[in-house]
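Asks: The chain contents come next:
Protein chains: 2
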Amino acid sequence: MDDVRFAVLGTGGIGRRTLEVSQHKDGLTAVAACDRNGVAVDHGGLDVEELLEATEGNIASGPQDDMATDGGAAAATEGVKQHGDQAGVVASEQGRPTETPIDDVIAESDAIDAVLIALPNLEHDFIPRVAERFAEADYEGVLVDVLKRSRVIGMLDDREEQLTESGITFVCGAGATPGFLTGAAALAAQSFVEVEEVEIWWGVGLKSGYEDNRGTVREDIAHLDGYDIETAREMSEAEIEELIDEHDGVLEFHDMEHADDVLLERAGICDAEDVHVGGVLDVRSDEKPTTTTVSVTGTTFDGETGTNTFQLDDVTSMEANVNGPALGYLKAGVRNNRAGHYGVFGPADLMPRF
Amino acid sequence: MDDVRFAVLGTGGIGRRTLEVSQHKDGLTAVAACDRNGVAVDHGGLDVEELLEATEGNIASGPQDDMATDGGAAAATEGVKQHGDQAGVVASEQGRPTETPIDDVIAESDAIDAVLIALPNLEHDFIPRVAERFAEADYEGVLVDVLKRSRVIGMLDDREEQLTESGITFVCGAGATPGFLTGAAALAAQSFVEVEEVEIWWGVGLKSGYEDNRGTVREDIAHLDGYDIETAREMSEAEIEELIDEHDGVLEFHDMEHADDVLLERAGICDAEDVHVGGVLDVRSDEKPTTTTVSVTGTTFDGETGTNTFQLDDVTSMEANVNGPALGYLKAGVRNNRAGHYGVFGPADLMPRF
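As they're listed, the protein sequences go chains A and B.
First residue of the first sequence? That's 664 in our numbering, and the numbers climb one at a time after it.
First residue of the second sequence? That's 664 in our numbering, and the numbers climb one at a time after it.
If you're looking for bench data, these hints aren't it; they were derived computationally from the structure.
These numbers were taken from a predicted model, which means no experiment stands behind them.
Please note: incorrect hints may appear among the correct ones.
[Claimed, not checked] One-sided excerpt, in silico: chain A residues whose CB lies under 8 Å from chain B:
#: 1; residue: E683
#: 2; residue: V684
#: 3; residue: R759
#: 4; residue: E762
#: 5; residue: F843
#: 6; residue: A983
#: 7; residue: G987
#: 8; residue: A995
#: 9; residue: G1003
In this text, a Cβ means the ideal position worked out from N, Cα and C, and glycines have one as well.
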């Protein structure tokens, strides 16, 4: 476990921050990164600082063109287009242009232990299809994503046989929520023999991080009343600004379709329907509008009903709470992969089996 | 993982409650239990209800005589003696008398996946020596303990080679603290790239649970100013009552030697010296005198310093917070053991490798 070589697909907010955070972690070496126009590979370890400078301003970009998806992905790659074709990985001294970035990473994957899929996932089947391509190439290793939507888990499960045959350990929903907070809920549940409710309530202040995380904001908008994935995907940047103005920069969400529900159910913690996710996003302040809290209510073996809580300090940014856990789950995935545990795993599956 | 057959050494408070809690968990079958005078084995599954009734009143009892330890263990087995030789496991319809309870369990261990060592550990080397005996018998499986003292971890590490050769996965410190709260600290640390301090502060109200947990109270007393392991071990029950009276039933502890420190350090979370454990024990009320809280202070990759917190509801009993996690870590141990991961593991080692 002392040396994990990993790749990042996508160099938007999440991909770039993960590269940055990995420099603080022992035993993690970034060996490949790509976006829609370029790929950089160095099995001895990428120069992360240089790559980060070169990709500054990438907005949730990813190699969607390579995927031959329909126009839906276009909005998410807009940011890159604004910077012109020379922005992103190709602008790095380590990068080279390519029309097939994902295939280029797959071609190097014999020497890659884990791949973080940091691509926008407004297309539900996008990540499952990326996983399929790795499986078709007989990749043996770990794939990690930070997807959010419950329904995607089922799409991955549908491909579990193929992933297992290839030798892939797929860790899904390994960001903040689902991810960090799903693990916290699994842990907090351990006082109880029966869990009645899990409430995940998040606060994000995203003033200075807004540009870097437009893809995430767009995805969140799809959870508002009167919106869905399709309408959010089709909104222009101007329409999004207008919506944000109407709410004075503060968007509140209830009963979001976040995969924490199915991921806790599959780990045996509670029923999916007893999990509720909501939160408040303020794009005009870096202060969190509310404190991120996981509350787990259950009954102990001796008949008491109570609520355990896990709270993140308001000063911890969304980025800090996505990327640290994502790399932790990535390492846990590698450990499982090396032990021969293949298939689809959620964050709670990687916790001690309470 | 669907069927874990486990044994419990010792049927004092922790052993009995673990048997009770296991009935609420899927895939766990209790197949053996022993105390100093008796052993019960049924590979088809013990009748836990009957065994619990028969062992009612056992006080932190364990098969110490079998270990040929010195007089130190005598105090901890006093409770059983008060009930006479027919109390405990021998009083159960499933039990039979024995002078070698641990050897009797070892003799059956081919069909046992995991063994919870729920014995009093005022003798520091007692648990390491039990582990040795399993290794000498070439046991391949999991040993779990709920020990507390930091120094015992080193004694286990000294035996790691022997444990590994035998095929033993030893999970140490898998109760509440260390254990549940160590895992919570490892999780809460994930927002940070540098952890500055971990503070574990517990509250226990132990009026109705006092009789069942005299061994634990005695061990806690050793942490008070002016006391140590030896003095606490040699105190008579009357002396303990006197001490408790002097404090009006409420004992407050600071800078306890709890293995959370070395267990967090070995998992790479922080330095042992930055971990502080304390708490308040009230033996005259079942209300917790203070709320059990884990506070992890650290710095994020983007330079903010903050504190994440994990709190247990005051209504959750010490027993609930020891036994649920102990069984969870036991399952995690089995998963690791089946994957060929042998040696000594702490709770934080079993968390995703952040």
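Asks: Let me make sure I understand: some of the numbered hints might not hold for this structure. Which ones are they, in numerical order?
Replies: Hints 3, 4 are the ones this structure does not satisfy, whereas the remaining hints hold.
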